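Given chain W, put chains C and P in place with the hints provided.
As they're listed, the protein sequences go chains W, C and P. At position 246 of the first sequence the residue is numbered 246 (the numbering used here), and the sequence of numbers has no breaks. To convert, take the position in the second sequence, counting from 1, and add 1000; that gives the numbering used here. To convert, take the position in the third sequence, counting from 1, and add 2000; that gives the numbering used here.
These are computed hints drawn from the structure, not numbers from a lab. Every clue listed holds true.
Using 27 angstroms as the maximum straight-line C-alpha spacing, the simulated DSS-like pairs for lysine-lysine come out as follows:
#: 1; chain 1: P; residue 1: LYS2126; chain 2: C; residue 2: LYS1331
#: 2; chain 1: P; residue 1: LYS2151; chain 2: W; residue 2: LYS346
#: 3; chain 1: W; residue 1: LYS321; chain 2: P; residue 2: LYS2163
#: 4; chain 1: C; residue 1: LYS1118; chain 2: P; residue 2: LYS2126
#: 5; chain 1: C; residue 1: LYS1015; chain 2: C; residue 2: LYS1331
#: 6; chain 1: C; residue 1: LYS1118; chain 2: P; residue 2: LYS2208
#: 7; chain 1: W; residue 1: LYS272; chain 2: C; residue 2: LYS1243
#: 8; chain 1: P; residue 1: LYS2327; chain 2: C; residue 2: LYS1116
In this text, all values refer to a predicted model and were calculated from it rather than measured experimentally.
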Amino acid sequence: MKRAAILAVALALVALVAMPGFSQTAAQKANLAASLKVDTSVLKSADNQLLLAPSTDNRKVPTRPADPSALPETDPLHWYDMEWAGWNVTPTNLPKSPADGAIGKKIIFIVHGSHPWTTACTSGAKKVADAYKMSFKVLDPNWVKDVQDQMIDQAINEKPDMILLIPLDAKGAVQQARKINQAGIPLHMFNTLPDAAALNYSLGWTGPDDFGQFRLLAKAWADQMRKQNPGAKTLGVAYVQHAPGGSPYFARSFGPISELATYAPEVKTLEKASPTPATFDANTTMQLVSDWLTKYGKDLKGICASDDSAQSLGIFQALEKAGRTDVVVVAAGNSKQGMDLVKEGKLFGITYQTAEGDGALAVKYAADWFNGKAMPLRQNLAQHIITKADVDKFYPPQW
Amino acid sequence: MRKLGKNSLLAFGDKYRIYILFALVFAFMSLFAPRFFNVFNITSILKVISMNACVAIGFTVVMICGQLDLSIGTVITFAGVLALGLKPALGYAGSIAVAVVAGGLVGVLNGLLVAKAKINSFIVTLGTMTVLQGAIYQFSGGNSISVSTPDAFVISDFLGKSLLPLLTPRILISLVLVLAMEAYLRRTRSGRNFYLVGGNRNTAWLAGIPTDKYTVAAFVLSGVGAAIGGVLSVLESTAATLKLGENSLMYVISATIIGGTAMSGGKGGVLRSVVAIFTLEMLYTGVILFGLGNEVKIFIAGLILAYVVLYEAYATYKHENDLGRRPELMKELEARRMAKEKA
Amino acid sequence: MADDRSLGSSSVGRLVSAAGVYGIAALFLAVGALLQATGIIRGFLTIQNMLNIVDAAALVGIVAVGMAFVTYSGHFADMSVPTTMGFTGYVCIELLRYGFIPAVIVALAIGLLIGLMNGFVVGKLKANPIIWTLAVNYVTMGVIRLIWVNKQIYPDMRGSGQKAVELFDNIYRLRFFNLIGLPVVMLLVLVVAGQFVMTKTSFGVKLKLTGSSLRAAKFSGISVERVITTAFVLTALTATIAGLAVTSLSRVGAWYNGAGYDFKAVTAIVIGGMTLAGGRGSILGVLGGSLIIGLLNNVLTLLGVGTFSQDMIRGAIFIVVVGINAKSLRSLGRDDA
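Only chain W is shown next, with the shape it has when bound in the complex:
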């Protein structure tokens, strides 16, 4: 009798370990059911857009060339490791979903630094976290990587159910992700695309597809330049780049360059430079663009900027001084200044870059994972180019 009892207990233990589905208590099941009922599709961001709008882009993921860096910079596949990072990773030691519902879970949200964008992103994330009654804690290292490392240590020490991280640096993210992974805590990265190696240790990645957005923007830009310069054999353009040290520096110049190499081969890159020492200073950008206008005159038909606020205001200051209204300018969006410039008919187009949606999608990803859904490795935000035709729909600005 005693032996039978022991056997029964042993069997029960084996069952518990072998079949996690059965190990759930009734409370956990109830929580899961309640969590699945939460409807986040009605949430809106401050600019009256749907908060959660994942991309519907269904471009096929290309296969990785043997050595992307051997290809010329005008070949889209040269940028493979940046553009498609996260699609073909080898997940390493990733935790399994408890599948017991997102309600009441504790998540720690580590951002990159204080900025109005971050404030909007955090408020979007909080809307989703509140819908799931999650415990939601924000850590802000104020742009210092060492401090972000320290905050990751602190977050690990608090043993949350998940860490959501905007890596401050694509390459530095590898060791950060590895550390969180080794501590056995689920990690989800968002907004800034890290090195592919970092995504081996992350459940997934959500955020804006910078390269994809700029390929879209580039096409609209080229179309407009063609329209304004019918029959032109060459269309000279220049790129005002982002600050060096991250993927936007490349995505927002080489994205269009490599896209237009085939889409509009008559578009010729005359210049590309990051204004130094202050990348996002209107005065510095104005000076750089004025010099380009002197150098190329009427040959300069288009400018693509990595920022639609200070950089774009500097660009238009330079254009106005030179009496030029024929230059087609596009930029990464969407700040208030940028939308105002679109409305005035100055900027031709800007990318829609939802800050609230960015944070919200990350938390939604976490919630779906807690709910036991099979999650994709990567989820992009919806892509859209804001032009004069629809800019009014995006007011008031998120930040």
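Leaving out everything else, chains C and P in the frame of chain W:
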């Protein structure tokens, strides 16, 4: 024993100000900040200060010499980028050596321009800072540099592993460097000479100290210290970001001043600077643990710096009748002269 | 002022000390003209291009003209310029709803207060100017971010009148004869006024003596505290003007407005021939220093040199120019550079 009067009590407080501040902040945070007083948290604070501690070693010596080095931030990044960027070609031994030597060479250049060409150090290092910033972007091609080979992870894991409570190898290395420098400055004659050079350059020169050599040496120490700090940091994180040293300049200047090293030279110490860094970082961590934002952190740090500068200025304003002279250093020079005469 | 103590220094040194910064400017212009004549660059010698250079230098020039008074008084530099610019920009936008003029006046008053405080602590209590102003920079940054909780504010979203917003927008954008912008006009006015104050007024004389020798100035009965305070007030006021212009240009009150203007201004001042030891140099030289940096960037961009290489070249030229200047001063028997 002499009785402690009001004046000597004040003097005591003045002399050990940074240690008292440290103790106060530590006690306050331990008592009130949630999850502050535990081995894990203190270790993580030590980890985060170890880069700037290395940087402060040399920077403090430059300040003691009465000079300023604005190039430290870019030297940190430059060394970090070199250490990882050259690793595929030279291996770690080679790339680390190049990075540290490069830091030293920047120091030599700074030092020679200050000591021999007699250009103000503020100007010289502002120039080298600009040059290095361009060099960093040029060398890195605009992207941060990382190494993801197995040996990189082995080194990284080793540097970040706890040997003893509170000590990882990287913290230990930084600590040893700090203590060694402190001992050198306090206990050796050549170490003391840095103070004399900074206290009164002409008097030091008249006393037979080769002031130019000491000035150059100070800048070399600063360059090498910043480079070591940068290299250790990128070895642990396996990535050299282009903003690695961006915040270090203002941070280390503030900490050095709060630690009690005077900008006019001739006064201060390496350990004091590092204790000041530790104190500031405890404050920062505490602010975060209380759930307050970065704006509070910046505000408090500014207030402390402002208070210290104001206090020092006020104290000197009250006491200083003797422009440009420091009685304690005059005494030491006198003692040396006496010793020489005896010999 | 002619120097009759010239003891046969090197020819380059003599050139620099005689012609000052304008000799270097002439050199750059000649190089640019040569490059254009040989067809390597184009568009350099045009009125438009020259105006562009002046436009680009205007904001740094405005800050530099004010800060030059601090440098001239022997107190190196005012590192609180960046947040003074940012803070006054915020204040002006926030108060636009009470009208344009009141907003600008309050912004200037705040600049004045920051200058008075710096002047008192540095002049009266003799705090180290760099460290003190650095601390002020920190505290002001904290104040900005505490008040506006990490938010940036826009001129047309604080309930201000259309007219006030337009006027504010025009601080930077107003142009005369569609040729010369308001910032350039302000720069020129400040240069003329600054040069006059520095050379023709009793304050200028006192300032020169204070900068040359604080003790001598004190013993000759000059109220050095008042002189130094005035210098810091002038810096803070020009920083406020530049801050309003930067804020107007970028149409946003943001804590990072003004970042970097401290070092940019110091660079212009020092290249312009003012020595950190004080008492030497001129406002006209500072104007030249600001223009030279713009001229150098212009020629390099027209040549197709990347911005990263431009950094390196700018830094190197900076050290060389200052080095030559120091050397020529020394060989003239003024070993105080």
